Amino acid sequence: LAFLVGYIARREILTDLQLSAALEYVRSHPLEPLDAADFERACGVGGCVTPEQIEEAVEAVIGEHRAELLAERYRFNMGLLMGEARNRLRWADGKTVKNEVDLQVLHLLGPKTEADLEKKPKARRRGRLGTGMAAKARPAPAEKQKAAVVENGEVGTETRSLLEQLRGEALKFHKPGENYKTEGYVVTPNTMALLKEHLAITGGQVRTRFPPEPNGILHIGHAKAINFNFGYAKANGGVCFLRYDDTNPEKEEEKYFTAIREMVEWLGYQPYAVTHASDYFDQLYTWALELIRRGQAYVCHQKVEEIKGHNPPPSPWRDRPVEESLLLFEDMRKGKFGEGEATLRMKLVMEDGKMDPVAYRVKFTPHHRTGDKWCIYPTYDYTHCLCDSIEHITHSLCTKEFQARRSSYFWLCNALDVYCPVQWEYGRLNLLYTVVSKRKIIRLVETGAVRDWDDPRLFTLTALRRRGFPPEAINNFCARVGVTVAQATMEPHLLEACAREVLNEQAPRAMAVLEPLKVTITNFPAPKALEVLVPNFPADESRGFHKVPFQPTIYIEETDFREEVDKGYKRLAPGQLVGLRHAGYVIAVQNVIKDASGRVIELEVTCTKSDVAEKPKAFIHWVSEPLACEVRLYERLFLHKNPEDPSEVPGGFLSDLNPDSLRVVRNALVDSSVLSARPFDKFQFERLGYFSVDPDSEEGKMVFNRTVTLKEDPGKA
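The working numbering applies: residue 2 is where the sequence shown begins, and numbers increase by one.
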């Protein structure tokens with residue numbers, strides 16, 4: 002501080018630009034004796050920039066852009082000229098440079114004319130947010146996908162892929178080994194040696210981790226965390242660990258471990274290594290003993306309820322002797338204390354005022370991996386940063402609620418003199434019209450509102466997969482939301498739009514009828530069934546065809562026939578022809594057959610080849626020799642945007658269930674081209690929407706889930 006103040010007092014550092022450079026230099030050399038000559042070069046000390054130098058630099062820049070300036074005149078971006086001139090003369094006074102630019106531009110173009118004063122046509126509105134940008138546009142595979150800025154649940158217009166958002170300098174993150182340049186990072190006498198050792202181990206590689214608790218199924222919010230952690234490592238040539246935070250044996254089950262890894266890989270990411278917090282229990286225990294020896298932790302007997310909430314009373318055991326805490330901690334390990342009778346607490350005050358967070362607590366629950374070896378288990382506050390240190394994580398990416406734990410993160414690593422990574426926070430991703438908390442999903446399952454964690458009306462990742470959402474659509478959605486510091490709360494229709502764009506390219510076409518109406522062609526043109534070639538992707542026939550039978554009996558949608566024609570109705574009716582998609586025939590009604598109640602149960606029609614028939618107003622889909630199937634049609638599970646908000650739903654989220662969130666069509670028909678499909682295979686049923694084969698399918702009865710309709714329901718916007 003004295004070194005810097007001296008330069009300012011002697012007026013050798015005069016501008017904000019020089020001061021910023023000086024601060025950056027000092028941060029970059031935290032423990033070294035400062036080289037005054039090198040410092041002065043880096044900060045522009047003694048580097049007087051003359052008016053002549055400014056004039057020459059501006060003249061050179063304007064010369065390079067002369068043609069564009071003459072063409073665009075005063076609509077040209079003058080900031081570009083300023084920027085390039087300042088780059089040539091880093092320490093020049095900004096006002097002087099601007100005045101010189103204005104003077105030379107006026108000399109070149111002359112005064113502004115009426116045409117110059119006309120307003121430039123407005124570009125499409127662009128959104129803004131904290132540190133991350135994303136963009137609207139059609140998501141495409143991998144690097145080409147478009148991202149989107151989120152503003153009030155809508156999407157802005159900045160074209161940047163997820164990898165572009167995460168690459169290099171885009172996020173202003175520190176480089177590996179330069180942790181000390183991060184604001185708030187605590188430098189100790191051992192910091193530089195530890196960072197040097199860290200770089201020797203990692204080779205300067207970016208290392209991140211995705212650390213879920215294995216006590217529930219991942220949801221759409223976790224998809225952002227997966228994309229951010231794995232994506233940042235990938236974009237910068239690094240690696241990402243999948244680390245299970247398995248420090249709470251009461252709630253952990255093997256099925257969650259399996260499902261978490263399955264979902265990570267389903268989204269297209271392969272962990273560099275799969276680790277567990279429990280892998281490090283021995284080391285964590287050794288460090289806890291060291292923390293006590295250093296006078297930074299103590300055994301406490303306050304009850305959980307005593308230390309909860311704001312301003313809890315200080316622990317009367319905070320200053321107990323080190324030797325006593327060591328003996329008591331050993332007694333905790335040996336099971337001599339009951340649950341809640343003793344904890345190990347760390348001596349620090351966190352940002353939110355929480356004092357002395359718990360490091361270890363007693364739990365007489367066998368661990369799924371370590372069995373009954375331990376009856377004390379470390380907490381998140383103790384475990385997280387130390388596991389990051391052990392794995393030499395460079396960027397510990399956490400959601401915003403962990404910002405209050407950043408100081409404890411740095412404190413604990415430094416208290417033990419171990420490598421200290423940097424914690425960075427980002428905003429959570431939430432969706433409207435849903436709940437994602439484990440407790441609330443369990444209540445939905447228990448009450449029968451949904452079948453299980455993978456019920457397609459939920460927004461867990463297993464549920465989205467079962468409903469038919471492609472992983473690319475979820476990744477594209479995360480890219481559109483972008484890497485934001487603020488929490489992003491999105492409308493489900495934006496995720497559905499991403500699904501449509503991917504499925505349009507991926508899902509082959511088929512024909513299905515949800516409410517079948519039998520149609521008999523009385524003048525069928527052949528003695529036996531014909532075969533019709535249907536393109537898998539009509540917009541690109543090079544991607545192949547499939548065959549469907551065409552015979553005298555076909556089935557169409559009930560809604561594609563009316564006895565009385567309204568204005569604007571274009572489909573089948575007496576006296577009104579309709580074309581059959583892909584068949585090459587037009588049909589006309591000859592006879593309408595009804596049951597005793599007057600309901601239409603069959604049509605008798607004649608057919609004519611399309612090339613000789615009158616041109617129909619519409620073409621409809623149909624099936625012949627079809628397969629019976631069940632189709633499940635999904636709508637939103639909740640009626641209100643925020644079912645957990647008491648002001649919006651006073652009766653609680655269970656009172657807000659949509660009674661029409663699931664409609665099961667049990668007697669639908671689908672063409673035989675889907676016969677060999679397997680669970681999670683996807684199709685576009687022409688004119689109906691995108692559908693996915695459900696795992697409930699069995700031989701003789703396929704089950705399809707509707708993923709999304711072909712077009713967005715305007716009522717959902």
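Calculated directly from the structure, the hints in this document are not laboratory data.
Only a predicted model underlies this, so the values are computations on that prediction, with no experimental measurement involved.
Mixed in with the good hints there might be a few duds.
[To be verified] Straight-line distance between alpha carbons at most 25 Å, and here's what the computed PhoX-like set of lysine-lysine pairs gives: (1) K309 - K364; (2) K519 - K364; (3) K309 - K439; (4) K571 - K616; (5) K99 - K252; (6) K642 - K712; (7) K616 - K642; (8) K401 - K173; (9) K304 - K401; (10) K355 - K335; (11) K348 - K548.
Against the structure, the hints:
Annotation: proposed proximity of K309 to K364 holds, straight-line Cα distance about 19 Å (limit 25 Å). At most 25 Å may separate the alpha-carbon atoms for a hinted pair to count; K519 and K364 exceed this at roughly 66 Å. A C-alpha spacing of about 22 Å is found between K309 and K439, which places the hinted pair at or below 25 Å, so the restraint holds. This hinted pair checks out: K571 and K616 have alpha carbons roughly 12 Å apart, not beyond 25 Å.
The straight-line distance between the Cα atoms of K99 and K252 is roughly 64 Å, outside the 25 Å bound, and the hint therefore fails. With a CA separation close to 21 Å, the supplied pair K642 and K712 stays within the 25 Å bound. Pair hint K616 plus K642 does not hold up; C-alpha atoms about 46 Å apart against a cutoff of 25 Å. A hinted pair counts as satisfied when its Cα atoms are at most 25 Å apart, and K401 with K173 qualifies at roughly 17 Å.
For the hint linking K304 to K401, the alpha-carbon distance of about 29 Å lies beyond 25 Å, and the restraint is violated. Between K355 and K335, the direct Cα distance comes to roughly 29 Å. Violation of the 25 Å bound is thereby established for this hinted pair. Of the pairs offered as hints, the one joining K348 and K548 is violated, with about 73 Å between alpha carbons and a cut-off of 25 Å exceeded.
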